[in-house]
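Colleague: Chains as they are written, first to last, in the working numbering: chain A, 1 to 466; chain B, 1 to 201.
Mixed in with the good hints, there may be bad ones.
The following label-pair restraints were derived from C-beta to C-beta distances [said to hold, decoys possible]:
no., chain 1, residue 1, chain 2, residue 2, range
1, B, Ile7, A, Ile83, 34 to 40 Å
2, B, Gly37, A, Gln333, 40 to 46 Å
3, B, Glu156, A, His274, 36 to 42 Å
Footprint (simulated), chain B over chain A, 3 or more residues, beta carbon under 8 Å [claimed, not checked]:
no., stretch
4, 151 to 161
5, 450 to 463
Worth flagging that the hints you see were computed from the coordinates, not collected in a lab.
Just so you know, even glycine gets a beta-carbon here, dropped at the ideal spot from N, CA and C.
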Amino acid sequence: MSPKTLYDKIWDAHLAHEAEDGTSLLYIDRHLVHEVTSPQAFEGLRMAGRTVRAPDKTIAVPDHNVPTTPDRVDGIQNEESRIQVEALDRNARETGIHYYPVSDVRQGIVHIIGPEQGWTLPGMTIVCGDSHTATHGAFGALAHGIGTSEVEHVLATQTLIQRKAKNMKVEITGQLAPGVTAKDITLSVIGHTGTAGGTGYVIEYCGEAIRSLSMEGRMTVCNMAIEGGARAGLIAPDETTFEYVKGRPHAPKGAQWEAALTWWKTLYSDDDAHWDKVVTIKGEDIAPVVTWGTSPEDVLPITADVPAPDSFQGGKTEAAKRALDYMGLTPGQKLSDIEIDTVFIGSCTNGRIEDLRAAAEILKGKKIAVKRAMVVPGSGLVRAQAEEEGLADIFKEAGFEWRLAGCSMCLAMNPDQLAPGERCAATSNRNFEGRQGRGGRTHLMSPAMAAAAAVTGRLTDVREIM
Amino acid sequence: MEKFKKITGVAAPLPLINVDTDMIIPKQFLKTIKRSGLGVNLFDEMRYDDEGKEIPDFVLNKPQYREAEILIGGDNFGCGSSREHAPWAIKDFGIRCVVAPSFADIFYNNCFKNGILPIALPQKQVDILMKDAEKGSNARMIVDLEAQTVTTSDGETFTFEVDPFKKHCLMEGLDDIGLTLEKASAIDAFEGKLAMTRPWV
Numbered sequence: 001m002s003p004k005t006l007y008d009k010i011w012d013a014h015l016a017h018e019a020e021d022g023t024s025l026l027y028i029d030r031h032l033v034h035e036v037t038s039p040q041a042f043e044g045l046r047m048a049g050r051t052v053r054a055p056d057k058t059i060a061v062p063d064h065n066v067p068t069t070p071d072r073v074d075g076i077q078n079e080e081s082r083i084q085v086e087a088l089d090r091n092a093r094e095t096g097i098h099y100y101p102v103s104d105v106r107q108g109i110v111h112i113i114g115p116e117q118g119w120t121l122p123g124m125t126i127v128c129g130d131s132h133t134a135t136h137g138a139f140g141a142l143a144h145g146i147g148t149s150e151v152e153h154v155l156a157t158q159t160l161i162q163r164k165a166k167n168m169k170v171e172i173t174g175q176l177a178p179g180v181t182a183k184d185i186t187l188s189v190i191g192h193t194g195t196a197g198g199t200g201y202v203i204e205y206c207g208e209a210i211r212s213l214s215m216e217g218r219m220t221v222c223n224m225a226i227e228g229g230a231r232a233g234l235i236a237p238d239e240t241t242f243e244y245v246k247g248r249p250h251a252p253k254g255a256q257w258e259a260a261l262t263w264w265k266t267l268y269s270d271d272d273a274h275w276d277k278v279v280t281i282k283g284e285d286i287a288p289v290v291t292w293g294t295s296p297e298d299v300l301p302i303t304a305d306v307p308a309p310d311s312f313q314g315g316k317t318e319a320a321k322r323a324l325d326y327m328g329l330t331p332g333q334k335l336s337d338i339e340i341d342t343v344f345i346g347s348c349t350n351g352r353i354e355d356l357r358a359a360a361e362i363l364k365g366k367k368i369a370v371k372r373a374m375v376v377p378g379s380g381l382v383r384a385q386a387e388e389e390g391l392a393d394i395f396k397e398a399g400f401e402w403r404l405a406g407c408s409m410c411l412a413m414n415p416d417q418l419a420p421g422e423r424c425a426a427t428s429n430r431n432f433e434g435r436q437g438r439g440g441r442t443h444l445m446s447p448a449m450a451a452a453a454a455v456t457g458r459l460t461d462v463r464e465i466m
Numbered sequence: 001m002e003k004f005k006k007i008t009g010v011a012a013p014l015p016l017i018n019v020d021t022d023m024i025i026p027k028q029f030l031k032t033i034k035r036s037g038l039g040v041n042l043f044d045e046m047r048y049d050d051e052g053k054e055i056p057d058f059v060l061n062k063p064q065y066r067e068a069e070i071l072i073g074g075d076n077f078g079c080g081s082s083r084e085h086a087p088w089a090i091k092d093f094g095i096r097c098v099v100a101p102s103f104a105d106i107f108y109n110n111c112f113k114n115g116i117l118p119i120a121l122p123q124k125q126v127d128i129l130m131k132d133a134e135k136g137s138n139a140r141m142i143v144d145l146e147a148q149t150v151t152t153s154d155g156e157t158f159t160f161e162v163d164p165f166k167k168h169c170l171m172e173g174l175d176d177i178g179l180t181l182e183k184a185s186a187i188d189a190f191e192g193k194l195a196m197t198r199p200w201v
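In isolation and in its complexed conformation, chain B is listed as follows:
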């Protein structure tokens, strides 16, 4: 997994609440058996018209946001389906960090598995970041995972919370299956106990 330490980049504003994973990547793109190549279909139904032409008003189609590395969203971002295709598409587009007042649980976890940092901040701070993002490509934000801060183009800094284990894995780009397999003896012991106490499992 790609490491995440610190990024300085353009932030795209998407001031919508309840952005669901069907919106992020519609079902017709879930038929792939690969993880790659989904960026072109990120937000497909909002991004392209019925003929497949770009809708110029959509934020990621605007010249100043085509290289966005940060996305600023509304409350309950990533709700709905558990499809990991959503973070795969976000990452493939080039976005490494999503900031919103709150996230749906499964999407939030899925981000960390794919080198994406989801940051939950109070609504008022997200409002400030949203305004900053609206300034376009000259306004570059800084996201520093080690310091746990987001800094606006004006130099205003907000601190965010992140689970220490998730932070560690993201900063080092660790494969958590490998980490779990180091605890194989604990799993073996648990299974031994299970066979005695709940043999029907």
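Bound conformation, chain A alone:
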């Protein structure tokens, strides 16, 4: 047998049909669904008289639109948001898929609760009408975002029409320096390869620095594979993975656990597997980073200055000019001099318990020096755990708002939005123009860096206050 990558192995294990021209039907093990990208798919299914083929493999939760303030128990005020969430309620009920309504303590961001509930397992194929489905790759599952037409296709057939992507290896060698986190890894990789560097590829992240990460950290890394343009990000499962999965509500038990484990242990890239592209970065060279522009590739160490557009080539010069104008920044300005109005800690990138612990560690006994700061836990269970560990008290005493679970200000579909010109230190994944609200200015960073910015009121090197 010819040597295979992890992606090759998962692909082969899910190939339900392959046409002569390479067009393939990939079987889908888990289909995650949220309220924004699914109503038209369910409607399409109904119009065509089709049914959901595998309701037991389909899991839905409202997350994008839901308010995260305590008054949400009284219902969603925004009419359009309410209609969309009600449509998911109805679609879930009528089709018999697994469902976590807003009132369920387990409700949260779809990419947080999939792993939390044990729906996400190594070697699976997982799709969702959401680009950050890449998150689940942290378990060695082939997971990627799809459009609404494809959501409908998966609902009807439990398969996806695909052509195989190319294999890309991103190796992070050695160890990370103190103050450097998974977020800094994933942003630094995008800074290195560009937002189109992964287009046409599935990335496997490997190397000692990746192996040393917790599952939470690995999810942060894979989450942003899409920001590097890749179809999916993968990390081979190991003891850390199995330890995380074991005992979760929907993880296999008993003899099935043993059988699963046996297979999962074969899920790694063979030594002499072929890679179409390889990127190697030394772990010790990665610094705490922030973004300065309006693309996730606009990444620099916090110790750097705002770059001059002329330092770029091709279309990037014009894009950088536009970005600096939008962001209200001047070339040569020190990044650590940029003053912040707002801090947002949360999202499918950094809304897990470890993220909240890292931020709380910095905030302990301190007060915020920004206009507003909020923590939005990724799920109701993350929130409960953070309360139990005393993290919620640290946030509240520091002056943070302690919210309920949802996507919140990552994409600002709910009431949590930036005002024009408002500048935000965010742990989310996109700094696009208008992403967090029209005219809002987003700087992406790790939870510890966001907490540091909250304390000083400006972008701050977390190593100075650790």
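Given the structure of chain A, go ahead and fit chain B onto it with the hints provided.
Modeller: Leaving out everything else, chain B in the frame of chain A:
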């Protein structure tokens, strides 16, 4: 789905790299439960000011590009969110074809599901098309899917690549769910095997 064979139309130039789907259709318009009616909000934040008035400088607000059927863009077009609202908005505006040096994966796929043809061409050729598009409404380009060519108003022709299956579906306006359901026996067989080999799934 509307068939795509050949179009002759005005091309609008949008010389920006990394045009993301948040730019194409901002999140406040994702609250719809329909696919239609999004054209008026295509590129909303670039197209309208804070009061909702048109920004005259934006390409699609210029008289010569209001009827554009082709859009010429920069590298990594359609990056970011998987929202299919982006191609829905493009199509609803009346654009049937987007040409760029490269596309983000999900957006590229989403276009084909909605009767839109995305064409990736080398930067130098896109530069020529961009210049041609800047001539305005008298310069009409021809996009021929069957021949896989784009022809400028000056008659210069470039050939593009497209996946044969995607081409077939687009030219015939086929519903790919229907096509997949024809292979239901293969899916049944796979599920049977799965129940034996990986019962925990």
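Colleague: Hint by hint, which ones does this structure get wrong, listed from lowest number up?
Modeller: 5
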